[in-house]
Each structure stands twice: as structure tokens, then as C-alpha cells.
Amino acid sequence: MKFGIVVFPGSNCDRDCFWATSNILGHPSEFIWHGDDRDLSSFDILILPGGFSYGDYLRPGAIAALSPLMERVRGFAGSGGLVLGICNGFHVLLEMGLLPGAMLPNRNLKFICRDVNIRVENASTPFTSKLAEGQVISLPIAHGLGNYYLDQQELKVLNREKRIVLRYCDEEGNIVDEANHNGSVENIAGVINPAGNVFGLMPHPERAMEALVGPQREDGRAFFASMLDVFKERGVLDAGKET
Amino acid sequence: MKGRAEVRVMLKDTVSDPQGETLQRSLVSKGYDVSRVRAGKFLQLELTGYSREDIVARLEEICSDILSNPVIEDYEYDLEEVLE
Amino acid sequence: MKGRAEVRVMLKDTVSDPQGETLQRSLVSKGYDVSRVRAGKFLQLELTGYSREDIVARLEEICSDILSNPVIEDYEYDLEEVLE
Amino acid sequence: MLEKKLKALGLTGGEYDTICSYLGREPNELEMALFGVMWSEHCSYKSSRDQLKKLPQDGPQVVQGPGENAGAVDIGDGYVAVLKIESHNHPSAIEPYQGAATGVGGIVRDIFTMGARPIAILNSLRFGSLEEKKTRQLFTRVVKGIGDYGNCIGVPTVGGEVFFSTSYRENPLVNAMCVGIARKDMLVRARAQRGESTVMVVGARTGRDGIQGASFASCELTQNSSDDRPAVQVGDPFMEKLLLEACLELREKDLVEGVQDLGAAGLTSAASEVASRSGLGMEIDVEKVPLRDENMSAMEIMLSESQERMLVIPREGCEVEVVETFLRWGLDAAVIGQTTEGSDLIVREGKTIKGQVPVDSLVDKAPRYTRSAQGTGKKQEQIKVAEPGDIGEVFRKILASPNLASKRWVYEQYDHMVGVNTVWGPGIGAALLRVPGTKRGLAMTTDGNGRYCFLDPYVGGIIAVMEAARNLVSMGARPLAVTDCLNFGSPEKPHIYWQFKEVLRGMALACQKLNTPIVSGNVSFYNETGGQAIFPTPVVGMIGLLEDINQHLVPGFQEENLAIILLGETFDEMGGSEYLAFIEGREEGKPPQVDIAREMAAQEAVMEAFELGMLENIQDLSEGGLALALAEMTFTAGMGAQVELTGKLPPHVQLFSESQSRFLLTCSEGNLKQVMDFLREKDIPTQHLGWSGGDSLRIKGVLDVPVKEMETIWTNAMANQLGY
Ligand SMILES: Nc1ncnc2c1ncn2[C@@H]1O[C@H](COP(=O)(O)OP(=O)(O)O)[C@@H](O)[C@H]1O
Ligand SMILES: [Mg+2]
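Residue numbers (the working numbering), protein chains in the order written: chain A, 241 to 483; chain B, 5 to 88; chain C, 5 to 88; chain D, 155 to 878.
This list has only true hints and no planted wrong ones.
Covered stretches of chain A (in silico footprint by chain B; criterion: 3 or more residues with CB under 8 Å from a CB of chain B, positions within the stretch not fixed):
#1 297-303
#2 330-344
#3 386-392
Partial chain A-side listing against chain B, Cβ under 8 Å, derived:
#4 306
#5 347
#6 349
#7 423
Listed next, the in silico DSSO-like pairs over lysine-lysine satisfying Cα-Cα at most 27 Å (straight line):
#8 C:16 to D:288
#9 C:45 to A:350
#10 C:45 to B:34
#11 D:288 to B:34
#12 C:45 to C:34
#13 B:16 to A:396
#14 D:287 to A:350
#15 D:200 to D:161
#16 D:158 to D:519
#17 B:34 to D:287
#18 D:854 to D:802
#19 D:561 to D:551
#20 B:6 to C:45
#21 D:200 to D:519
#22 D:200 to D:158
#23 D:287 to C:45
#24 D:533 to D:208
#25 D:161 to D:647
Think of the hints as simulated: they come from the structure by calculation, not from any bench. Each residue gets a CB set at the ideal place from its N, CA and C atoms; glycine is no exception.
Okay, chain A solo, but in the shape it has when bound (with noise of 0.2 Å):
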């Protein structure tokens, strides 16, 4: 079981997904230079971390899209493998076109960072299997372009297809424009390409593994110990590991 955490030069939560995964889950985890244009078979998951990959100037995730491991990591994400793209590393999947949609300023044109309520849409995925449909979970955002847009043709082929994953909600878990932080359309928090192996999300479940950091509650655990089950059930890794 091994992670891969692609470092791009502006990235800066590559070090914080690193204490997630090697420190606290207690996995191999390695640091994926971008501009190696190296073979990835040796890894299990993908983690695109967030940050400002090339500052983001010009549009966040446009220049790291083209950095030349990103062929690699299509080829990855092509062949079943498990990719995780979280803020500034979801951008980068979005300008790959590996998952569908485009992010536009947050509209009230403010960076924030705050603790927010997501609701879990889709509890079937490898990447949120240990949630359930319907659970209401807090996570961090800190982000300066999280507004979702999706024009409505492929907004309902998502919906159909249960490739919204996570929406911001309000304590209750209701779906409001008072709990739409940065005015994503239909409040969506986190999508998936149609194989279900590519998960972008603009929260930060890295940020949200020990109550002695970040929220209290550890909700971000949930979607790495969905991931790890995914290899528990094919018998990679021995059950007494996976948290």
C-alpha cells in the first residue's frame, strides 16, 4: 500500500498530506517530483495536494496541468488507478479534463478559510465508502477559487450519474445558499470522473485527522480509510492496517 504525493513547485500541503498518510496512517508514502517523468506502477494511490502550484497565476492548476509527469498520472488514472486531487490538486485534475468543470473566483471575492459542513451525496465510492449517503461532516476549505461551474447539459449528466460526491450544507445538512461558500454551482464540494477512481474536492480531509489539529472531529479519516479498503478487499493489505 503506497501513497504518491505529487509535489509541484508551489505546492504546500504535500507536506501536511505526507504527515497524513505516512505519520498518522502509517503507510509508505512517497514525494512525486512534477517534473520526474517517472513510472508510477509502483504506486497504490495519487494524491494531488493543494497549494499554489505555479502561483497560481494565469488560473490555478493551468501551467502544473502540463508538467510532464501529468501524462503519467493520466496513464495512472486510465489504467483503474486511485487518484485524489484536494483543492489546488483538484484544479490541476479539472484543467487536465479528467474531471469535468471549471473553478471561477469565490463570489464574494474573498480567499477563506473556515471549518464548513459538507454532506456526503454519493457513500459508494472508493473514495468515501466508510460515509454514509446523507452524513453530515466538517471539514476545512481555505481556498481563493472554489466557485464550481458546470454548465447545466453536464451538470445533469452528473447528477444522474451520482458523480456529485460532496455538497456544502448547514449544520442540519441542508442544502442552502447561506452554507454555499464560494457559490459553486448546486453548492458542489466534490466530484468524480464516471470510472470512480478520480476524486476531486476543494475541502481538506488532511486537515482534518486529529482532533489536536484543525476541527475537532476527524472526519477527514473517513476518505483515506475508504481508499485503503478498496486494496483491503482485494487483499493487498492485511486488515489490521488500514487506520
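For this one, chain A is given, so just place chains B, C and D with the ligands on it according to the hints.
This is chains B, C and D with the ligands only, laid out in the frame that chain A set:
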């Protein structure tokens, strides 16, 4: 040949524009009769190629692959030759 | 009269442009022969006034007070009439 | 002719004569410019150096005191905390967004220059009244500038303060502090170890921006300041992030002798200070400096303040590896010169020597002035404030005072969690971070009430330090060390210089008593416009240690039936209070006084009670007094309290007086007697005020306000003025 291009990247008409809308509202609140604002990017590039066609071909690539995101944006450009 | 203005806001030449420089370097690393990039803003406005002169006067105000930061930026614009 | 030139460089005729005597000849233009910037107030501390020496700078915990890019103190387990604060007041007044952004960039460089990984940024802001549109715009841009820069480089902005007073209308203050962590045995100093060491510059290319910024920061802002200002620098946080990672990698691989960032006075200052610290000479060839603008003169290259550049001195034989490391991070490193066994700074343009001056004449032998100091002689009056008609109304009103209201509007624009070490971010007394790799916690805060200092600079200086310490104690942390930023008007005016000396005298005494040496800092003079100076404003950045991070307390009432205890004595001290300023529109009177012995006893008692595990909450009392402290404690969990004011003073005084050396403590009902006995035994005045619980704050016979209502007022006050 060396060319100087001016690229304008605009949000598609169908995409809402939080920046433009905020600007429009604040202009109206300051008393200006502004009915619509759309915000985009403006980029000046100096680039070299074998010929004008060559430069245009590269510029098209640069604009569509990097400078704009086709999901939400359109672009247009002017190219003029730089005499050295 | 109703007018449509296209405003281009650019960093002054003496001011460094990290965004443009970063873009330039990454374009070069992708194999494009680009020697210089300057990044700016592009804005489209629809505004109404008594006359062309009136609109121009307001546009000047808007550009210098709101759309650009005169300490580091210059602006230019085109204005055309919108027939309704 | 000469006179005009000297004026442009900020040099006096007398200083010019000194330069001639140091050189044994007249300086050429370049040399004069070198002296101009190095002898500016900003670089030479010529008016403040003698005074700063009076601050306590030593202690067993000090690993690096003032004199390097940042101070460093031992935090155990083989680690040091590296800290420094700096002002970017003038640039932020001219171009708020970039000025504030580059301020953050500069202070963060000071930290990683030392080989420390930055783990936190704090920011201390002073602005005019938010009623004014101009202030709202400035403030909004400054906050965005700080946020965008820190967010991009991935260093959390975990705390700070904001204070509004018309005194800062024309001269806003923007101070930024950074804290980093390094292995004690891995600190990098800004010095070379031998002659003929290679000197490299790396990072952004050098342009015409910010030429003479140091001199600009050393004079008063005038109406024309927008015309003669240096070209504004645009921050490049992405470049900074690359530099940060590359420099830390060099340290990790032990490839460098010394690193120095390029800040005010650019290459001139970096080169001469490294040479001076190393006791060596240095040669710089300006032709080798990578340029952004064409046709730059030697002088422009030496004076440019282009941001995001570092001077790097590789270890012998490691030059190639250093360059390769930078290249991998996408950075160009250029060899621009070398150290020499001589004692001169030599500036070449290829083969031609453009200037040659003794290093010590630029640095150590820069002029020092003992300015004359003259107090106003005016004694501030004790203020009696009439009882308000409806104290509940007044209380609701003051909750919305921008100085007391929640700063959420500000800190939500800052990523305060990145790095996953933030145990408590902004929003409470002090920030608390886990020290990565240890079980300790590091608490940090900035404090300094300019209004108190204006009314009584000596007492204000003491309070600035003591309040910072109280904030740390409220996190269960023992104060460890201080970095300070001293923001004042023109030192050439006797009453300003008197303020400066008095504030310093107070700070020095407080730091000495607390055993919190000042290990780094910054002085910003000439914060005045049209002869009108700002309030004298020291900003104290203090860090403290919590031995076991898992022992940290949770702020605010989390449970019902906690006993609420007021520790310390409340006096009729409404002078200088926020009540007086906000409700009555007066910034005057005798500010609260401090009895240092009582203050120390109070802090020590709270620490001991905490360490004995008797307490549930610790909350310090500061601006807004008991009323605000109680209100803030109800917000975290939305839980109210019932209390009774048992003191003899009128209720509004008990609620809003800003008497010092006070805390609110809570403990379980079972522990109440024990806590009270413990404090009484130490002879500390203590009152049991009441209990937590319910959904309103009820002060018997005085007011009863629902928590929801208070919280709405308090939380939204800033956004209501500034827009959401
Ligand atoms: N500019 C700022 N940036 C970040 N946090 C801030 C800022 N101003 C205030 N805060 C936070 O708001 C809280 C209240 O600040 P303040 O009223 O100064 O606290 P105290 O009176 O306890 O020192 C603190 O946690 C502080 O860190
Ligand atoms: Mg304070």
C-alpha cells in the same frame, strides 16, 4: 520572424462572472450608469517563429492549451510583426 | 447614448510582473520561443451617458479610479457605440 | 549642488565630512549613494541604537540575539524557535496591497535565511477610522495583500491584532511577524567563514524597483510622497516559495556557509552586512548580477530593492551542487563576487572599480545620534465616567466597536491551518501551535496599545509586554522571548524621542522582570504627516512554551456550572479605555497603571494553577475589560453565564475599566474551594463571580443579553462596515 501578440481571454457569455458582477454593482453604487461588466485577462507576448503562419500556429496552441480554459473561456488575439 | 468599452489594464513597464515572468518561463520550458510575457486585465463595460464625450469622461474616471491602480498600472480603452 | 545631492540621499553636511574623513578623499556618486542608504535611519538605527542597547537581550534560552536576520531561542528537544517582526508602514501607505504583501515576504525571508522552516505569520495593523472610505479601502487591500502572500507560500497566518484610531489616519501601521523552527545545531548565520568564498545572488532578477526604499522609509510621508516614491515592488510569493524550499534544502544538505536575504538597501546592505559580520571584505561585480531591466547603472543595481532575492555563500567546493539545487527549483543562481581578506566593499563593473569603501565605515562606524528628549510635562488626569443611562444598551453598542469586535472578517482571509500544526488559530488570546517533532506547544501573540502609550509612554511600554505575556499565559504557555517593532514619529522631535525612550524604559523593565529577552526587532520612525505623528506604538511579538501540547485548554465556557473567578483587582481606571474612546469619543486620561510585582504574581499563580490541573479556562482581561472577557467566553460554545458584580465600584466601571493584571478563570464546582484557597494563599485578590450556563449573559441587576444576540453584533460588526 518575431511577433508581438495581444491576447484577450474572456469568460464565455453563459458563464457568470463574480468579478465583473461585483465591479458592476460597485460602479452603480458610485453613481455610474454601467449596465454590464465582464472581467477577463489581457496578455502581451513576444514570440519568434519561422514565419507568420508558424507563429500563428503556436499562438493558437498557447491560447487554447494554456492561456484559456475552454470550459469557461474564449480568447482572441492580434499579432503584429516586430521589426528589429 | 449607450457605449461598449474595452479596457486593457497593464502593469507599468518599470514594475515587475511575476505572473508574466512565470508564464514566460513555463512557456519556454514547454518548448515555445517566447521572449517576454506581460499579464494584465481586460474588461468589457456597457455604459450609458448623454453623449460620447460624457461617456468618455466617466470612463476616464472609472479607469483611473477603480479599474486600474495608477501607482503600478496604466490603462487604455476603445469605446464603440451600441445601437439598440 | 552638493547640498542638493546630500539632501536627496538623506545625508547631512556633517555626515558628508565624516565620510570624507573615513575615505581620506571625497566619495564618488556611487559611494555616496552607498553611504546614503547604509546611513539611513532604516539601516543604521542611528537614532535608536543607543536606546535599544538598554533592552535585555540575554538569557539562558537565547541562542541568537539581535544582530542576525532573526533571533533564536531554545525550545528544548534540540530545537530553536526563530522569530522576528518588521514594519512595512510606508510602502503600505503608498500601495497597500503590494506594500503589505512584500512586508510578509520580507519577514518570512528573514526566518528561512536562518535555516528555519517558517511555521507561522502574525500581523499587527493600525489604521484610521473605518468610518472613512479611504481607510476602508486601504485596510481591505492590506488584509488581502497579507493573505494572498502568506496563503500562497503555505505559511499559516495564525494571529495578530487590529486597532483603529484617527491617529493612524495618514500613517497606517503594517507590522508582520514570522516564527520558524530549526534544529539548534543547524542554524545558518549570515556570514562567510573565509576570504575568497564565492558570493551568489539567487531568486528574482534585479530591476529598478524600490530604489532608495530605505531612505524613503526614513523620512516623513508628504503630500508629494506619491511622486518621489521609489518604483513600487510587486511581490512574487511563488518565487519566495521556491527560494524557501531551495534554501532549506541547501541547509539540510549542509552546502552553505552563510545566507543573507536582500531587503532594504538591497545588495548594498546584504553585501556590507555579511562582510561586516564576517570581518572580511567583499567584491561585487555588478555586470554579473542578472537584470530584469536594461541599462541599469552600477548604482541602480546596488540600490535596487527588487524582492525575493537571496545572497548565498556556498561552502568551498559545493558551488556546483548549490547551483544544481537551485536549478531544480527553477531558480537561477549567479556568482556575483567573492569575499576577500581585505576590509573594503569593492563594487566593480567588469574590470573597472566603480567604488571602494571600508566595510566598517558603512556599518559599524555609521553615525549615532543621541537625540534630545523632552516630555510634555503634562500629567494625564484621572477620568471619572458618569454612569450610563442604559448599561445594556451601552454594552451592545461597544460589542460592535471595531477595536473589540471579532476580527473574523480579517482572519478568514488568511489560511491559518496549513502545515497542520495550528492547535488554536486566530480568534482567541494567542495562537498555539504544535512544535513538529515534539510534544511541546508554542504560543505566540502580538500586542501593543498605542493609545495607552500616547497617554503614558512608560506605563504603555510595560503594558505592551505584560499584555502579551498574559495572552500566552491564557494558553497555558510560559513566556519565553520577545521580538519588537517600535513605530514612532520623527526622532528629531524632542517629545517624540521622549516617547520613544519612555516606552523603551517600560518595555525593558517588563522584559527583564519576565525574563523574556528581546532577541530581534525593528524600528520604524517618521510615521508622521504634516507634523502630526501617530500614537507611539510598540508592537510586542512574544512567544511562549507549553510543555505538553495535549494539556492545552479549550477557550470559552464549554460546560454548564463552571465556577467563574475574577483574579486581580479592578480599579476606577477608565482613562484611555475603549469605553471612553468608543462611547464618549475621547482618547484621553490617565491609562491603567501596572504594579509589576502584582502582575508577576498573578501570572505565576495562574500558571501554577493551570499546571496543577485545577482550571478549565483562562482568559486574560484587556481592552473592553471584564464585560468583553465575559462576552468572549460565551461565544466559543454559545453558552451563557450568570454572574454578580460584588465590587464596590459602580457597575459600568467594574465592567469596562481596563485595570491590568487580571484574568478570568473557570474551574469545576468541585475544584472551586481548592482554587480559591490556592489563590488566597498567594495573597491574590480573587472573587467568585458566578457560574457558566444558560443561553444569555446575565449580570445580576445590571444586564441580561442573549448570547446569540451578542454574538451576532460582535461577529458581524466588521463585515457590516467593510462588506462581506
Ligand atoms: N490582523 C489579524 N490577523 C489575524 N488575526 C487577528 C488579527 N487581528 C486580530 N486577530 C485575532 O483576533 C483575536 C483577538 O485579538 P485581540 O483583540 O488583539 O486579542 P487580545 O485582546 O486577547 O490580545 C486574536 O486571536 C488575534 O490573533
Ligand atoms: Mg491584544
